[in-house]
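There are 2 protein chains.
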Amino acid sequence: YTAYSGKKLITVLGKKIVAVGRNYVKHAEELKNPVPELPLIFLKPTSSIITEGKKSVIEIPDKVEVHHEVELGVVIGKAGRDISEDRAMNHVAGYVVALDLTGRNLQSDAKAKGLPWTVSKGFDTFCPISKYINAEKIDPHNVTLWCKVDGQMRQQGSTSHMIFRIPRLISYISGIMKLEQGDLILTGTPEGVGPLLPGQTIEAGLSLSNSEKSLIEMKYQAVQKPGGMWRTTPY
Amino acid sequence: YTAYSGKKLITVLGKKIVAVGRNYVKHAEELKNPVPELPLIFLKPTSSIITEGKKSVIEIPDKVEVHHEVELGVVIGKAGRDISEDRAMNHVAGYVVALDLTGRNLQSDAKAKGLPWTVSKGFDTFCPISKYINAEKIDPHNVTLWCKVDGQMRQQGSTSHMIFRIPRLISYISGIMKLEQGDLILTGTPEGVGPLLPGQTIEAGLSLSNSEKSLIEMKYQAVQKPGGMWRTTPY
Ligand SMILES: [Mg+2]
Ligand SMILES: [Mg+2]
Ligand SMILES: [Mg+2]
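Protein sequences appear in the order of chains A and V.
Position one of the first sequence corresponds to residue 1338 (the numbering used here), numbered consecutively onward.
Position one of the second sequence corresponds to residue 1338 (the numbering used here), numbered consecutively onward.
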């Protein structure tokens, strides 16, 4: 379980992606959202995951304003429910860098109407992930996440600024829904989210706090989603 | 793939449950919701599925007002994306009766705050399902769904009243997120939703429109969720 990476990771990824919203104060503020008192969670479908490879592109659907959100992803190695905070890190197999791509206009509309965030978060290719990092390789609360679009730095923030740290997230989530081996938790994005357009290149990575060099990097091309049945008009 | 049932179904259920809200006019009205112009979709985690068996109980978490919603579940047999309406039924392997259990107070609170519905829909045991029905056994748009609590009929409605029928749902959903073998689509609930309390027994089933007798039935006991880490207060 500790040896896989890239393509292989897909096959061991479990049945769900639990994503955490507003887990960095400055990101909550930039979208004019209140800072939550409890973790704010939502689901992304695992069908939205892509890994690097020749054919891997990010598809931007028609009329969707896609925003990048770079996040630390936690891969669950051991199943559990009602996991206590002090035992939570035993359930972590490792980490990935992930982009929680978000149709911001769809999400804003859903929020205004009290509707689920599912469509805005769930399109195919909306969860690009990096190669896998073994748990013992990093202190997950002391790395820098970064994201560039067309070579320009857009996001750069330390995971030390998470509001709810990984043990709390695991404890909270597993008190609601059991975690299974291969499940992925996206731990929220630092500030600096912004648009990703067809034709642009996005890079994201993770570096140790004492280093200029990235421990892991990934790069994806964004294209217009071809054809497709995605409907924006009523039947 | 056509022979499995009960426990076996779990192992072939795919990576997601896509649920449809407000797909029956009278149910939209009973919760004072507008009738949607496009299908309203959200995700439930597959970890919420339970099948009948000695140890299978529905757990009612502390401070959560759980409502029953009986629904026709569509099991996807063939993967696809951007599936056209006229080819959609080729992707259906069969059906289950499902309860889309919902923490109504949590959902109302989420709706008022523009937050995801995930917690209200995602607790462990919140998706009890029946044995599997092969696709050719029923006309899915002409069966009666029913649900009883402690022997009293609570819901009884024909799937002929769906606003968006199965081909449209499959086409719409697969234009956003690809469908995979074993994925489950919950097609919405007819009117009559109401509370399910610890200690109560819930039964649900499906009958052909010309028959008094159920083609399939299921029965679950509701209990108070034991202990658990489910938090309702801030850290
Ligand atoms: Mg949701
Ligand atoms: Mg995010
Ligand atoms: Mg429902």
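I should point out that these hints are in silico values taken from the structure, not numbers from a laboratory.
Being a predicted model, the structure only gives us computed values, none of them experimental.
For each residue, glycine too, the CB sits at the ideal point set by N, CA and C.
Each hint should be verified, as a subset may be incorrect.
[What the hints assert, rightly or not] Here are the simulated EDC-like pairs of lysine to aspartate or glutamate, each with C-alpha atoms no more than 20 Å apart in a straight line: (1) 1392(V) - 1419(A); (2) 1515(V) - 1396(A); (3) 1556(V) - 1476(V).
[Claimed, not checked] Cβ-to-Cβ under 8 Å is the rule here; a few derived chain V residues that face chain A: (4) 1378; (5) 1380; (6) 1389; (7) 1391; (8) 1393; (9) 1449; (10) 1483; (11) 1529; (12) 1530; (13) 1551; (14) 1567; (15) 1572.
Comparing the hints with the structure gives:
| no. | hint | result |
| --- | --- | --- |
| 1 | 1392(V) - 1419(A) | holds (18 Å) |
| 2 | 1515(V) - 1396(A) | holds (13 Å) |
| 3 | 1556(V) - 1476(V) | violated (23 Å) |
| 4 | 1378 | holds (6 Å) |
| 5 | 1380 | holds (4 Å) |
| 6 | 1389 | violated (19 Å) |
| 7 | 1391 | violated (19 Å) |
| 8 | 1393 | violated (14 Å) |
| 9 | 1449 | holds (7 Å) |
| 10 | 1483 | violated (27 Å) |
| 11 | 1529 | violated (22 Å) |
| 12 | 1530 | violated (17 Å) |
| 13 | 1551 | violated (30 Å) |
| 14 | 1567 | holds (4 Å) |
| 15 | 1572 | holds (6 Å) |
Going down the numbered hints, you'll see the structure goes against 3, 6, 7, 8, 10, 11, 12 and 13, while the others check out.
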